[in-house]
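Peer 1: Taking the hints into account, I'd like the entire structure generated from these sequences.
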Amino acid sequence: MDLQLSGKRVLISGAERGTGAVIAATLAREGAAVALHGFSREKAEGEAARLREEALTAHGVSGDLLTDEGARQAYDEAVAVLGGLDILINNYGIADGKKWASAETSDWETSYNHNVLTAQRLSRLAMGPMKELGWGRILNLGTIGSTQPAAERPHYYAAKGAMAAMTVSLAKELGGTGVTVNLLSPGLIRTAEVEEWIARLAAKRGWGESWEEREREAVKLFGGNLTGRIATREEVADAAAFLCSPRAGAINAVNLRIDGGSVALVT
Numbered sequence: 001m002d003l004q005l006s007g008k009r010v011l012i013s014g015a016e017r018g019t020g021a022v023i024a025a026t027l028a029r030e031g032a033a034v035a036l037h038g039f040s041r042e043k044a045e046g047e048a049a050r051l052r053e054e055a056l057t058a059h060g061v062s063g064d065l066l067t068d069e070g071a072r073q074a075y076d077e078a079v080a081v082l083g084g085l086d087i088l089i090n091n092y093g094i095a096d097g098k099k100w101a102s103a104e105t106s107d108w109e110t111s112y113n114h115n116v117l118t119a120q121r122l123s124r125l126a127m128g129p130m131k132e133l134g135w136g137r138i139l140n141l142g143t144i145g146s147t148q149p150a151a152e153r154p155h156y157y158a159a160k161g162a163m164a165a166m167t168v169s170l171a172k173e174l175g176g177t178g179v180t181v182n183l184l185s186p187g188l189i190r191t192a193e194v195e196e197w198i199a200r201l202a203a204k205r206g207w208g209e210s211w212e213e214r215e216r217e218a219v220k221l222f223g224g225n226l227t228g229r230i231a232t233r234e235e236v237a238d239a240a241a242f243l244c245s246p247r248a249g250a251i252n253a254v255n256l257r258i259d260g261g262s263v264a265l266v267t
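Using the working numbering, you'd call the opening residue of the sequence shown number 1 and step up by one each time.
A couple of the hints might just be wrong.
Said to hold, decoys possible - Once the Cα atoms are required to be at most 35 Å apart in a straight line, the calculated DSBU-like pairs of lysine-lysine come out as: (1) K172 - K98; (2) K43 - K131; (3) K220 - K204; (4) K131 - K172.
As the list claims (entries may be wrong) - Computed spacing ranges between beta-carbons, pair by pair: (5) E69 - G224: 37 to 47 Å; (6) P246 - A203: 43 to 53 Å; (7) S210 - K131: 47 to 57 Å; (8) A101 - P246: 46 to 56 Å; (9) G46 - W100: 32 to 42 Å; (10) G84 - A55: 18 to 28 Å.
Think of the hints as simulated: they come from the structure by calculation, not from any bench. We put the beta carbon where it would ideally sit given N, CA and C, even for glycine.
Peer 2: Here's what the structure looks like:
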């Protein structure tokens, strides 16, 4: 299937590493021109340079998204190098392991700024020009925890819950303009950090040596899912590419969970 992304101009926040970098690479390989945002210009440009080695169109941009001025810097740099913006992917966010007893009010405020206001700042900058263009995509990266939060990390899940509400509100604000706004919510993703964490658990619990054995036991331990495995970053990126494409024009205000069926609900 041709996703019709060739020539589309994309800004991805927090794309200097991890899932954001994989999303950027996926869209670039579909023909989009991508601006990879990072808080570190050096890291963002380094990741962009790796994509350019594949003859893809990629640029590194920077800006402190925790401030209005920094978000404006990142947005303006992206528009300057791309010549405009068709797609905004609010990938950036953080989480920590604090619990109700250890998360202070300041931790809740910090989590809200990192996980909600960073996306709000960029979305406000992008929405007007997209509306004038008559076409656009805004995609927010969430978590299945906005639907099924755990007891730990309450400040993180509360912030991601606010992002889910923000997504629907903005989709309604932009209704009928040609701009769609959706939420992509992964569960556990297979990253190097997750592999290392599961390896430590496997050593303690005697799960075996192969990744397949360890993955199966880890999925069981953390509530299970219908596929019996952990989603890859590439699967998250593929879903992001589709939601951002012209092919997904009828999908709006949706929370798409990439969790293997961990949250199996009729909604």
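Peer 1: For each hint, tell me whether it holds in the structure or not.
Peer 2: Results of checking the hints against the structure:
Only pairs whose Cα atoms come within 35 Å are accepted, and K172 paired with K98 is accepted, the gap being roughly 34 Å. With a C-alpha separation of about 32 Å, the suggested pairing of K43 with K131 holds against the 35 Å cut-off. A distance of roughly 16 Å separates the Cα atoms of K220 and K204; the hinted pair therefore holds under the 35 Å criterion. Note on K131 and K172: the hinted pairing holds, with a Cα-Cα distance of about 13 Å set against a maximum of 35 Å.
Between E69 and G224 the CB atoms are about 45 Å apart, so this pair conforms to the stated range of 37 to 47 Å. At about 47 Å, the beta-carbon gap between P246 and A203 stays in the expected band of 43 to 53 Å. Taking 47 to 57 Å as the suggested C-beta distance range, the pair S210 and K131 conforms, at roughly 51 Å. Evaluation of the 46 to 56 Å hint for A101 and P246 yields a pass: the beta carbon distance comes to about 48 Å.
Taking 32 to 42 Å as the suggested C-beta distance range, the pair G46 and W100 conforms, at roughly 39 Å. Between G84 and A55 the beta carbon distance is about 22 Å. The supplied range of 18 to 28 Å therefore holds.
Hint compliance for this structure: every hint is met.
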